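A.B. asks: Chains C and V are the protein sequences, given in the same order. At position 38 of the first sequence the residue is numbered 865 (this note's numbering), and the sequence of numbers has no breaks. At position 17 of the second sequence the residue is numbered 18 (this note's numbering), and the sequence of numbers has no breaks.
Simulated from the structure, these hints should not be mistaken for laboratory data. A quick note: this is a predicted structure, and the numbers were derived from the prediction, not measured. Just so it is clear, CB atoms sit at the ideal spot from N, CA and C, and this is done for glycine as well. Do not rely on the hints blindly, as some may be mistaken.
Said to hold, decoys possible - Where chain V lies over chain C, by a calculated footprint (3+ residues, C-beta under 8 Å): (1) 865-874; (2) 924-930.
To be verified - Residues of chain C clear of chain V, computed beta-carbon distances all greater than 12 Å: (3) GLU842; (4) ASN849; (5) GLN893; (6) GLU894; (7) ILE913.
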Amino acid sequence: KNEVEQSPQNLTAQEGEFITINCSYSVGISALHWLQQHPGGGIVSLFMLSSGKKKHGRLIATINIQEKHSSLHITASHPRDSAVYICAGGGATNKLIFGTGTLLAVQP
Amino acid sequence: GAGVSQSPRYKVAKRGQDVALRCDPISGHVSLFWYQQALGQGPEFLTYFQNEAQLDKSGLPSDRFFAERPEGSVSTLKIQRTQQEDSAVYLCASSLLQGGNTIYFGEGSWLTVV
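Looking at chain V on its own, in the form it has when it is part of the complex (with noise of 0.2 Å):
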């Protein structure tokens, strides 16, 4: 596709459900990244790989997070047992390589957990 993609655009979810987003990069995008925005505040790293490698996860707040990008392509961010605190944007980004280039970022998927 043209842009970075995500889906669903919005979930809601039982508190103790599992939730998983997904992220489709820019085609060739070898970074990816994914944040989360509470309401009204600014984007917190959680996660990045470089194509299939996560080389970094210091960001995700708890081992109820998981992220993956098997084959270097789609990624999905799985949350379990989701909690209310969880409630926030999640915000999928891609470049083309590393630093220094120009980052590219999907619409955001919106969890409400209740």
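Just chain C, same shape as in the assembly (with noise of 0.2 Å):
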């Protein structure tokens, strides 16, 4: 069973919708890392949680660690946010533990 489940699999938006993707992980992960990934590109990491809530940009994600939940927003979606968004969880070492990705598609 994988540690991080990531929701949903695939999503379809229309430019300028709001979109949610969602993580959960279990214990012993202390620390959340949203990273994109763009077709046969690199991996760039966006945000890297603990607690609370950071913002860049448009992006913002939230972490509730007391319901092992965290949250990536995008506002106002752009064709070129269409990517993979995946969740990772780490802990002391960031060896990281990855949830099986979100496919976005924003049509213009």
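Could you use the hints to bring the two separately framed chains together as a complex?
C.D. replies: Structural data, given as structure tokens:
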């Protein structure tokens, strides 16, 4: 059983829509990473969270430690946001356990 | 360099051939990780270094896989007697310290075994 569960697996949105991707994780994970991967491209770190909320541009990430749940929000989505979004759990060493990823397609 | 650099970017190997994949982490980064990403799958952990010490190699799939980081900087992942199931993207990542730090990924080395 994967210790990091992510949903939805696929998401299609219209340009301008508000998008939410969810991630649940198990005990032993103390830091939650949100990553972005474009097709054929490398992985880019968006956020690293251990508590609270972080915002960068149109991206917002939140984490609820008690519920072991994190969300990634994209406001005013744009076709260039189309990518795979991955949540990954880390512990003391930054060894990551990856979720299955969410394939996001934003249509103009 | 400014980011994590991996080479070669693309490698086609004949089954049974040995390959070596190189990772140049961001200068000064203590932690270095290797991950394997099969087509359509999420990355899977292979091994982890803190400086030159290999602290965790639990993800290496067989004894054909070997990784080293002799001077605590550049790392090499070696795969001996490659098999078709080794075909994947091999990702290297580094972070400044241990847990709770932003992790930086290289572009990956795409290995195809034919």
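A.B. asks: None of the hints should be skipped; say for each whether it holds.
C.D. replies: Against the structure, the hints:
| no. | hint | verdict |
| --- | --- | --- |
| 1 | 865-874 | holds (count 5) |
| 2 | 924-930 | holds (count 5) |
| 3 | GLU842 | holds (26 Å) |
| 4 | ASN849 | holds (16 Å) |
| 5 | GLN893 | holds (19 Å) |
| 6 | GLU894 | holds (20 Å) |
| 7 | ILE913 | violated (6 Å) |
The structure fails hint 7 only (numbered hints given earlier).
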